[in-house]
Structures are given as structure tokens and as C-alpha cells.
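Visitor: Those protein sequence lines, which keep their order, are chains A and B.
Going by my numbering, the first residue of the first sequence is number 1, and it counts up by one from there.
Going by my numbering, the first residue of the second sequence is number 1, and it counts up by one from there.
For the record, the hints were derived by calculation from the structure and aren't laboratory data.
The model shown is predicted, which means the values in this text are computed figures rather than measured ones.
Among these hints, one or two may not hold up.
Taking lysine to aspartate or glutamate and the DMTMM-like style, the derived pairs with C-alpha atoms no more than 25 Å apart in a straight line are [what the hints assert, rightly or not]:
id, chain 1, residue 1, chain 2, residue 2
1, A, K269, B, E194
2, A, K269, B, D20
3, A, K334, A, E200
4, B, K224, B, E262
5, A, K112, B, E221
6, B, K291, B, E218
7, A, K112, B, D56
8, B, K224, B, D191
9, A, K63, A, E200
10, B, K114, A, E151
11, A, K112, B, E218
12, B, K276, A, D107
13, A, K112, B, E115
14, A, K112, B, D280
15, A, K81, A, D95
16, A, K137, B, D81
17, A, K269, A, E134
18, A, K37, A, D142
19, A, K373, B, D199
20, A, K112, A, E134
21, A, K81, B, E194
22, B, K47, B, E218
23, B, K26, A, E346
24, A, K135, A, D124
25, B, K108, A, E70
26, B, K114, B, E30
27, B, K108, A, E134
28, B, K108, A, E370
29, A, K87, A, D107
30, A, K112, B, D199
31, A, K112, B, E133
32, A, K269, B, D81
What follows is a set of in silico ranges between Cβ atoms, one per label pair, in the way DEER data are often shown [said to hold, decoys possible]:
id, chain 1, residue 1, chain 2, residue 2, range
33, B, A169, A, E222, 25 to 31 Å
34, A, V50, B, A88, 25 to 31 Å
35, A, F150, B, S256, 33 to 39 Å
36, B, E268, A, K74, 47 to 53 Å
37, B, R168, A, L358, 52 to 58 Å
38, B, R244, A, T18, 44 to 50 Å
39, A, F150, B, Y78, 21 to 27 Å
40, A, A354, B, M279, 55 to 61 Å
Positions of the beta carbon are idealized from the N, C-alpha and C atoms, including for glycine.
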Amino acid sequence: MNLHEYQAKDIFRQFGITTPAGEVVTTPAAAEAAARKFGGPVMVKAQVHVGGRGKAGGVKFCKTPAEAQEKASKILGMQIKGLTVQKVLIAPAADIATEAYVGIIVDRARKKPVFMVSAAGGIDIEEVAATTPEKIKYHPVDVRYGLMPFEALELGFFLYKDAKLARGAAQVMQQLYTAFMANGCSLAEINPFVVTPTGEIIALDGKMVIDDNELDRKPELEALRDVESENPAEVDARENNLTFIKLDGNVGCIVNGAGLAMATMDLVKYYGGEPANFLDIGGSSNPEKVVNALRIITADANVKAILFNIFGGITRTDDVANGIVTALKQNPLKVPLVIRLTGTNEEIALKILADHGLKASSDMDEAVQEAVKLAGGAQ
Amino acid sequence: MSVFINKQTKLLVQGITGRDGSFHAKQMMEYGTQVVAGVTPGKGGQKFEGTVPVFDTVAEAVQATGANTSVIYVPPPYAADAIMEAAASGVSLVVCITEGVPVLDMTKVYPFVKERGVRLLGPNCPGLISPGESKVGIIPGRICAPGAVGVVSRSGTLTYEVVYQLTRAGIGQTTCVGIGGDPINGTNFIDCLEAFEKDPATKAIAMMGEIGGTDEQEAAEYVKKHMKKPVVGFIAGQTAPPGRRMGHAGAIISGSAGTAAEKIEAFEKCGIGVAKRPMDFVELIRARLPK
């Protein structure tokens, strides 16, 4: 789960990291009031879960409250990479002497949290990694010991020659590491990591990604979820324990298992079609899940055919068949349906479907080709 | 022959009295796996299905029964501790089926099991099966058949699909291993490729990867440098958009890294046969098996 900048900064503050004051607003008038309260120039920053906000025009410097109001009215409602900006952060513009980058990610190859530190801050770290990799220092942390003071200091001196600044940076890195571990993060970054002309270190912008697997035991983080900033169908799916990602094609896919779901989408593409979504109904096959899955898929007007691909292991195919029959009774489909199922209780499933005039294939390739054809053929 | 598990495997089931644990313990017993013990804290002294003794701790279970392998079906918040308990008790293989284990928990678990020389499979994996010998986990036994192909995969149902197609075409397997879809797991492709290369009964390997990370690229390099046996590979997620997690916590394209195209290119460069569709495994494997 991604946190907004303002949420990440709230967490930074709890862990002792200095960040500029800020206020989140949803209207231009409130933006004007916040800018007036802060006095002096402010930044107006779109709060959306995508990178590259600045380049997209979602971050603006404003000299006066009137300008903050005007810029906020442009940014609020703006679309950035398909997401609508619902909130902006108003923060006093900071004086900047230097900009660095400090981040932590869980690195799958090293199987550890890894610090990434670079004096080339303010821009996308992936760009730095691609063009000038020597400017990044990587430091894996053994979680059994945590980030030790000498390690933090080494990282501090990598950024600054000045001992006072290096010590200050080391302290912020310790605080960031503590925040990262305490909040079950898979990523936490401060970019830019700013030194002001008076020598103060501040986190001017921040980002945090929480491991979804942590949310059950950290309800206070789940509470930070900004449902309004997500795709409504994806929210609906998640609330019903389905994994759904909307795509742009016209073949709706309902599959059990993430790997098979991806392979099914790929096969749709292989036969010239375009998948409309990724949808994994998961391992346990409660008929209710199938009903919800069909409801979510049929709400997408682009969908011209629906494909079920079920390989029953733990999933009982008769449960899936019952779910399909129930869903069709509640809401007859307006688009053609292709069902492929095989595995656990296949015979019972086929009988349930046949009793309701539905056919099923046991072959994945055959079913995918049929679904692509019914959706209007190869694109 | 087979890798990691065989007829001699003596299995204990952590979480044997739970909903998933009890169902799959029965399935494994029906398949012929020697299930020698169960562990559920607080239920020590009971008998599962009237025959399998249940213990409060893994240490007791290992001491009393000589179990050498453990399979874990406990809920995500307790899974990390269950893995470490198993690793500390003296078993040599721990298979964690549980899905949803926080990745930071795994950063502690991984060095713990490594230092004890224990092999961990998973978490978030379907386990493994050596057809006709033993099954540990949840892979349906009836879709497999004994034979000469080693199967290794990051996925569950996609593995079933491929194994089922191989079996229907008369191509059996030595062992099918699901390594799991999480970013940090105990056993990777290379560990399995190395074991299959050493196993005299395995004549060819089918490998199913997916988007995210660089495990498949590293495995491809390994095949090129260290393997004589033929390998056929498939990558799921060619149509996945960057930055979106495709169900598995590990299946995410970050920036330009971890794409299907990048992995397929690595396969081709290293002499791995590329299956464009799951069904292509049948012909590609058949062509590589000794006549």
C-alpha cells in the first residue's frame, strides 16, 4: 500500500525527523487560507500515488496566497497518469543549500533491507542508477542488529565532508530505519534530503510503501488507506478478497492463482486479443467470490467476452460452477461467456453447468481462442 | 529417484489441527507420505485421524518420532516463528505453505535457517511432490506421474497446468517443486536446478518463472555455466503493466527491471528452450528427453 507524501511525513515526524510544516487541503479556498497562515512563498503539491508529479505539473511554487489558490484550482481535479488529484499539500517553500537522496528498500537478491544513499538528490533515483550508478552507495542491513551507529556514520560521510552534517545525516538515517521497520515498509525514502543554508537537515519530500502483508497486524496503517484515490473496482475487489487489476483490453479474465492468471492474460494476447483485467479468485473457492468477480468484471463496459480459467487443486470446480450459476441467475450476462475448468470435482461441475445450459472446455488454449474470437477477434 | 523428498521422508505437520492443515495432512497420508507427527501448541497428547501423534512443540515431535521434514500451515502472523521453531529443532527441510508472511519477518528468518544448514521452501508455495514416493504440501497428487522431468516453478496453479499437460502426454516427473511467489523465499531456482542436475533420474527440467526480480536471469546464467541437462522455461506476466503487483508479492515490475521480455531474452541467450505458451512444454520437453 502506498502512502501519500503528507502521511509519510507525519510518520517521519513521529520518529523525530524534521519535515517542513504542511497542510492538506481539498479546495482552492483552503489552499489560499493555508498559504496565508504560513506567510511567504509556498509549494502546492498534488497528493497522488504516482511518481513524476512534478513533471506532470502537479507541484508548483507560489509567491502569494492568491497564486496558491489559483495553482491549487488547476491541480485539484487534474489527472496524473490516470489518477485524479483529490488533495494538495500546502507547505512553506524551503531554502535549499544541497539536495541528497536517502532511501531504504527490501532487496530481494540480498534478502535484507538495503540503504541507498546518493548526493545526487531531488531526481528519480532509478534515473541516477541508470546513468551514474557510481553516485549511489548501497548498504545492506542485518535486521538482527539493525543499522549500527558506525554504519550510519559511514553513510553520513558518504554524503557530506563536514562532520557535523555527517553526524546529523547519520541520525536521520537511524530514525528512518526505525520508522521503516516499525511500519512494516517495503520502501521508505526521503528525496530530496535537504540541507538548508543554515545547516539544518530536513525531509522535504517523503515516500513510504507498506507491505500489504503487514496490514492485518497494523490496523493503524490500514486506516491511512485513501480509498478515494484508488480505482473503485479494485477497492471493491479487495474488500471481497479478490485481487483485481484493471487493464485496457476487452477479454475479461477470471482465474484461480496469480501465475495462471498472468499466463491466461498472456495467452489472450498470444491469440491476438487484449485482456481487460487481471483477476485472481485465490485458492479457496467460495461461490460468493465467483459472484463478486463476475459483478466486478461486467461493470467494465469495455468487456466483450468473459473467460473463466480454473484449475482445481484446492479450488473445487463445483464451487466455481455453483458461483457462475448463481451469478447468472442474479444478473444475466450481456456478453458471451467461455468457461474452462478442470481438476477437483470436474464431473460434478460439468453437470451443474450442463443443467443450466452451460458448456465448459477442459483445454486452456481452446477456451482462450474462443474467448478472443467472441470478443471481436484479433485486434 | 527424486530431489528433496522421497519414500524415506518422515514428515511432521505444523498446524495439523487447523482447517487447512488437517485437510492436507489427510491428503498427504492418502498419497502415501509418511506423516509421523503433528504439532499444535496446547493439543499435545491428541491423535490426529486416530493414528498420528500430536505434540505441543516441534522439538518434542522430532525427538519422539525422528521426523526429518516439516510442513507449515499456520496463519501468517505466526508463520515466521513456526519456520524458525522447525529450523531449530533439527529437521533438514522446512516447507512453508502459508501465504501472506510479512517480508520483514522473512529478513529475520532467512539468516536463521541458513546458519543452521536447513533448507526452507517457500513461504507462499504449494510445496513439492516426488510422484509415487512422497508429497509435502498441496500439489494435487493425481495430476502427476513418475518419470524423468524435474519441474520448478514460482507459481501454484500454473505449475498444475503444466504438470497436468505433461502427465496427459505421457511425460512423468521426478520431483515438482513450487518455490513460491514471495520476494524473499528460502529456496530459489538455482538451488533446484543444482539438485536436478545431480539427480541421475532427472533427464530434463521444466522451469516456470514470472515477472519481478532477477531470479530467472541468474538461473539462466547458472544453466549456461553449470548444467548439462536440457532446460525449458516459461515466463508469466508478459502483459503485466509496470508498477502493479500481479497477485504474488514478488510479481511486480519495478522501473524497467523484472520484465518478462528481459527474462525471456536471458533464457534464449543461455540456451534454455522458451515455451511461449504453457502447452508448448510438452513438445519442447519431449524433444529434449532421451529417446
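Visitor: Each hint needs a verdict: does it hold in this structure or not?
Guide: Evaluated hints:
1. A:K269 x B:E194: violated, 34 Å
2. A:K269 x B:D20: Between K269 of chain A and D20 of chain B the Cα gap is close to 36 Å, so the pair fails against 25 Å, i.e. violated.
3. A:K334 x A:E200: violated, 63 Å
4. B:K224 x B:E262: Since the Cα atoms of K224 of chain B and E262 of chain B sit roughly 16 Å apart, the hinted pair holds (cutoff 25 Å).
5. A:K112 x B:E221: Within the cut-off at roughly 23 Å; holds.
6. B:K291 x B:E218: Violated: K291 of chain B and E218 of chain B sit about 30 Å apart, past 25 Å.
7. A:K112 x B:D56: violated, 32 Å
8. B:K224 x B:D191: holds, 15 Å
9. A:K63 x A:E200: Distance ~23 Å between K63 of chain A and E200 of chain A Cα, so the pair holds.
10. B:K114 x A:E151: holds, 24 Å
11. A:K112 x B:E218: Roughly 18 Å between the alpha carbons, so the hint for K112 of chain A and E218 of chain B holds.
12. B:K276 x A:D107: violated, 29 Å
13. A:K112 x B:E115: Roughly 15 Å between the alpha carbons, so the hint for K112 of chain A and E115 of chain B holds.
14. A:K112 x B:D280: Between K112 of chain A and D280 of chain B the Cα gap is close to 37 Å, so the pair fails against 25 Å, i.e. violated.
15. A:K81 x A:D95: violated, 30 Å
16. A:K137 x B:D81: violated, 33 Å
17. A:K269 x A:E134: violated, 39 Å
18. A:K37 x A:D142: With a Cα-Cα distance of about 45 Å, the restraint between K37 of chain A and D142 of chain A is violated, given a limit of 25 Å.
19. A:K373 x B:D199: Measuring from Cα to Cα gives roughly 45 Å; hence the hint is violated.
20. A:K112 x A:E134: holds, 21 Å
21. A:K81 x B:E194: Distance of about 44 Å is beyond 25 Å: violated.
22. B:K47 x B:E218: Since the Cα atoms of K47 of chain B and E218 of chain B sit roughly 45 Å apart, the hinted pair is violated (cutoff 25 Å).
23. B:K26 x A:E346: Judged against 25 Å, a Cα distance of about 21 Å means the pair holds.
24. A:K135 x A:D124: holds, 13 Å
25. B:K108 x A:E70: Violated, at about 50 Å.
26. B:K114 x B:E30: violated, 32 Å
27. B:K108 x A:E134: This hinted pair is violated, its Cα atoms lying about 29 Å apart.
28. B:K108 x A:E370: Violated, at about 48 Å.
29. A:K87 x A:D107: This hinted pair is violated, its Cα atoms lying about 32 Å apart.
30. A:K112 x B:D199: Given that 25 Å is the threshold and the Cα spacing comes to 32 Å, the pair is violated.
31. A:K112 x B:E133: Judged against 25 Å, a Cα distance of about 36 Å means the pair is violated.
32. A:K269 x B:D81: This hinted pair is violated, its Cα atoms lying about 42 Å apart.
33. B:A169 x A:E222: 25 to 31 Å: For E222 of chain A against A169 of chain B, whose Cβ atoms are near 47 Å apart, the range 25 to 31 Å is violated.
34. A:V50 x B:A88: 25 to 31 Å: 44 Å Cβ-Cβ, so the 25 to 31 Å window is violated.
35. A:F150 x B:S256: 33 to 39 Å: Distance hint for F150 of chain A, S256 of chain B holds at roughly 35 Å.
36. B:E268 x A:K74: 47 to 53 Å: Since E268 of chain B and K74 of chain A have Cβ atoms about 48 Å apart, the given range 47 to 53 Å holds.
37. B:R168 x A:L358: 52 to 58 Å: violated, 24 Å
38. B:R244 x A:T18: 44 to 50 Å: Violated, at about 34 Å.
39. A:F150 x B:Y78: 21 to 27 Å: Check failed, 35 Å falls outside 21 to 27 Å.
40. A:A354 x B:M279: 55 to 61 Å: violated, 26 Å
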